[in-house]
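Make the full structure from the sequences, and use the hints.
Protein sequence lines, in the order shown, are assigned to chains V and L.
So for the first sequence, my numbering puts the first residue at 1; every next one is plus one.
So for the second sequence, my numbering puts the first residue at 1; every next one is plus one.
Just so you know, these hints were derived from the structure itself, not from any lab.
Quantities reported herein were computed from a predicted structural model and do not represent experimental measurements.
Don't be surprised by glycine CBs; every beta carbon is placed ideally from N, CA and C.
One or more hints might be untrue.
Stated by the list, open to error - Now the stretches of chain V that chain L is said to cover, found in silico as 3 or more residues with beta-carbon under 8 Å: (1) 4-18; (2) 217-229.
Stated by the list, open to error - The calculated DSSO-like cross-link candidates involving lysine-lysine, where the alpha carbons are at most 27 Å apart (straight line), are: (3) V/Lys122 with L/Lys239; (4) V/Lys123 with L/Lys122; (5) V/Lys77 with V/Lys18; (6) V/Lys239 with L/Lys239.
Here's the letter readout for the chains.
Number of protein chains: 2
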Amino acid sequence: MFESAEIGHRIDRQTYAKAVPKLRESLIEAQWALEESGQFPVIVLIAGVDGAGKGETVNTLNEWMDPRHIRTVAFDKPSFEEAQRPRMWRYWQALPPRGKVGILFGSWYTDPIIARVYGRLKKSALDLEIQRINRFEQLLADDGALVLKFWFHLSKKAQRERLEEIDRDKARTWRVTRSDWQQFEHYDRYYRTCEHVLRLTSSGHAPWLVVEGRDARYRNLTVGTLLHDAIRTRLAQQKKRKPRPPPPSAAPLVAPLDRITMLNRMDLSQSLTDRKYEREMERLHGEMNRLAGSRAFERVAVVAAFEGMDAAGKGGAIRRVARSLDARQYRVVPVASPTDEARAQPYLWRFWHHLPRRGRITIYDRSWYGRVLVERIEGYCSEADWMRAYSEINDFEEELVAGGALLCKFWLQISPEEQLRRFEARKATGFKRFKITNEDWRNRKQWPLYQQAAADMIDRTSTGHAPWTLIEAEDKHWARIKVLKTLVQRLQDVLSRDGR
Amino acid sequence: MFESAEIGHRIDRQTYAKAVPKLRESLIEAQWALEESGQFPVIVLIAGVDGAGKGETVNTLNEWMDPRHIRTVAFDKPSFEEAQRPRMWRYWQALPPRGKVGILFGSWYTDPIIARVYGRLKKSALDLEIQRINRFEQLLADDGALVLKFWFHLSKKAQRERLEEIDRDKARTWRVTRSDWQQFEHYDRYYRTCEHVLRLTSSGHAPWLVVEGRDARYRNLTVGTLLHDAIRTRLAQQKKRKPRPPPPSAAPLVAPLDRITMLNRMDLSQSLTDRKYEREMERLHGEMNRLAGSRAFERVAVVAAFEGMDAAGKGGAIRRVARSLDARQYRVVPVASPTDEARAQPYLWRFWHHLPRRGRITIYDRSWYGRVLVERIEGYCSEADWMRAYSEINDFEEELVAGGALLCKFWLQISPEEQLRRFEARKATGFKRFKITNEDWRNRKQWPLYQQAAADMIDRTSTGHAPWTLIEAEDKHWARIKVLKTLVQRLQDVLSRDGR
Chain V
1 MFESAEIGHR
11 IDRQTYAKAV
21 PKLRESLIEA
31 QWALEESGQF
41 PVIVLIAGVD
51 GAGKGETVNT
61 LNEWMDPRHI
71 RTVAFDKPSF
81 EEAQRPRMWR
91 YWQALPPRGK
101 VGILFGSWYT
111 DPIIARVYGR
121 LKKSALDLEI
131 QRINRFEQLL
141 ADDGALVLKF
151 WFHLSKKAQR
161 ERLEEIDRDK
171 ARTWRVTRSD
181 WQQFEHYDRY
191 YRTCEHVLRL
201 TSSGHAPWLV
211 VEGRDARYRN
221 LTVGTLLHDA
231 IRTRLAQQKK
241 RKPRPPPPSA
251 APLVAPLDRI
261 TMLNRMDLSQ
271 SLTDRKYERE
281 MERLHGEMNR
291 LAGSRAFERV
301 AVVAAFEGMD
311 AAGKGGAIRR
321 VARSLDARQY
331 RVVPVASPTD
341 EARAQPYLWR
351 FWHHLPRRGR
361 ITIYDRSWYG
371 RVLVERIEGY
381 CSEADWMRAY
391 SEINDFEEEL
401 VAGGALLCKF
411 WLQISPEEQL
421 RRFEARKATG
431 FKRFKITNED
441 WRNRKQWPLY
451 QQAAADMIDR
461 TSTGHAPWTL
471 IEAEDKHWAR
481 IKVLKTLVQR
491 LQDVLSRDGR
Chain L
1 MFESAEIGHR
11 IDRQTYAKAV
21 PKLRESLIEA
31 QWALEESGQF
41 PVIVLIAGVD
51 GAGKGETVNT
61 LNEWMDPRHI
71 RTVAFDKPSF
81 EEAQRPRMWR
91 YWQALPPRGK
101 VGILFGSWYT
111 DPIIARVYGR
121 LKKSALDLEI
131 QRINRFEQLL
141 ADDGALVLKF
151 WFHLSKKAQR
161 ERLEEIDRDK
171 ARTWRVTRSD
181 WQQFEHYDRY
191 YRTCEHVLRL
201 TSSGHAPWLV
211 VEGRDARYRN
221 LTVGTLLHDA
231 IRTRLAQQKK
241 RKPRPPPPSA
251 APLVAPLDRI
261 TMLNRMDLSQ
271 SLTDRKYERE
281 MERLHGEMNR
291 LAGSRAFERV
301 AVVAAFEGMD
311 AAGKGGAIRR
321 VARSLDARQY
331 RVVPVASPTD
341 EARAQPYLWR
351 FWHHLPRRGR
361 ITIYDRSWYG
371 RVLVERIEGY
381 CSEADWMRAY
391 SEINDFEEEL
401 VAGGALLCKF
411 WLQISPEEQL
421 RRFEARKATG
431 FKRFKITNED
441 WRNRKQWPLY
451 QQAAADMIDR
461 TSTGHAPWTL
471 IEAEDKHWAR
481 IKVLKTLVQR
491 LQDVLSRDGR
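And the structure:
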């Protein structure tokens, strides 16, 4: 894999001096064309061995290109904010929007490789990381991103020479750290590990581009040229043809032949008297308050997502949860149509954005499940998009839970008759009139489609670590108590487990 | 994931009797339309818990459909022929060609799940299997297959009842084996494992379809309907639109800026005198003969692949290898254009087909690398196809080596001048005249393209377990000796390692 990056590639001074002005101009023009098209983001990963000139080439690229349409993010040790969230969180934050170039210096590859080289990660655990990475890059490619992964390579001999050379140069000695030399001692192990990782993560949609790092001119010119050609090729392809039709669908989802689903067999007649409701509510508020105020709570991030038909009582249930919390602890995120900023990113991006740190709670009033509910039904995305979304969402939630979060998902179910009663009541009540729009009436006509989509969603995304809780919401008392009870119960479970 | 398959779905006798004749007719018509289009294969996986009626539903499907266009393969313990080859070999053999339906009863999922439930496989090892499966199914989907994965589920209670019921029925008792009851004891562990596996292998292009298995009528009708709808939907999509354009390309492969590659820096002046050649050849023949005749050799399958420019001497080198072997041990596979049969399958299929069992040698005169050489250059496949092929080939070779094979890949390199000399010589020599065709002259004009494609190929597919050996072939003596020497050396290594 690396043999041809140990040949001793080089470009002489004269050729370089002649090539650079032309390349700079072309690069800037390509950037503008990309910006103008706004069609896809360009994600450039810079990785490879120490001393291979990664930093210098990144600087050169920044010099050559228009800094307004490029953003370089270097990843070192995670910051406090980053350490409090799932590992992928900081990478999600760094993704460039459509039309821009993002240079990621250090990336999701660094930690797994280093941990493996130093023996902190087993072979099999490394392979799991590879699997996660592949799924993530597949998501980026499916979303249309142009992903370029540059690997800067040096032969063992070249790396030693390079480190010695920098060591000798007094002005630059600070750049070679002890850890660089330490890593050099592991060169062979590092080589084998990287070959393995690169082989398994070099895909048709996100191939690795191995660049020999010894000669700065060769390195810079190669990366610059590849970057330029890749942008231009993709732009030309997208211009030439109409938007790509979605891939052929796999299995169309079909409603159960006997029409029985998890939803329409719920017992909606369950209710609570006022007295029971108030007593229970008081008890649960106290319990919730106690849990959220405990020391152990600082170790867990809570994410609660509410979905349900219009007027099913999501807002009311959320308010009852919020009431038992300190205002500094929680945040309610009402999910509406995506903003332009969010539209320029993979659709999960805006949800990653709001993830709470540990000791905090984020309550989503509607959530990422919009993809497989409203977007599916209204045709805002293709069938392939929402079919794929089930596994993308499962991956996202697994990442969340692995990152120390407690995730509670509530589906609030009412009957169509109850919905009609609530719509009518809202129309009649002055201050609630704004809560009912034409869209609500339109959605109501699609009732069976929404119910089918919700049933599919629950089938495909209710997992051991992130189960759905179905809430009978015909009676508001019953619904609110069941929501709070579930939250308290699951929080107790996770806090006592952590305490052990 | 399984909740909605524990509801107690059922179809009454009357509804069933009315639905079946219509469904049968539609299914047969869909089969004919599929056969006529010849556009894609339909791969149906049947999996799930014991007692959920998998076998009965498979029988029903076979009854309902046209047996000429359907092929059911059941996988039990591997046969002798199968056990001698990589694990995926038997599944490759069972793939239906385009235009046909293949029902795979038991599949690549069975062994990993069972091994995990009985604790023979660690969690991390299971996850690796999942990764392999996903890569394989991605290959099938990329090749256009419609993949339908049915999972037959029973709740714990339903499974116990079902096993007891069959137990009571004297005529059928033989169908419940002790191992069925043994598996039932592991129900909870099995449930958790399957949920995990299904979640991570349910993708947009190959989703799982979970079917409740308790009621035979519900089960049959559901599977039949889904199968029919999926075929019809796909056929309609492919009719409506023109062939799908290839996905946007990732990074265009660019020749090294300084034009130096692994190939053009080879020292082609190396040669051997007649005397040295004959002495070496005799020694190597003896050694090869001894190794291939040893007892240890029965444990390894040898695959040798030869690639190189026209007239580089592949045939001559292959003959020298063959000469040292017993004719019953080896087989030379000359790779020409694919037959119609091969064209109806994923392009790697025909190479899987010929894999040697242990103790045997298959020599490929040209190989699966045609995809990234001639097919790339002549445009026989899209850029996306051959870009993807690098990782598909790496996966294939890893599977091969993991299955106990020794894989040697030779690239024979000559200069364009030497090629011309050999062409002219062939034209002049009567019996060799047939060896030179117009196509050879045409290919010669594409020399730089072939060289670049070969350099890319070596960069992207030379791995630790399957390295390329570059052979300086300007001097035939040198080339033949280096080939044999490499084979002998690698065979010695692998046999002595196995002996340990």
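Cross-check of the supplied hints:
no. : hint                   : verdict
1   : 4-18                   : holds (count 6)
2   : 217-229                : holds (count 6)
3   : V/Lys122 with L/Lys239 : violated (49 Å)
4   : V/Lys123 with L/Lys122 : holds (13 Å)
5   : V/Lys77 with V/Lys18   : violated (40 Å)
6   : V/Lys239 with L/Lys239 : holds (25 Å)
Consistency note: the structure conflicts with the earlier hints numbered 3, 5.
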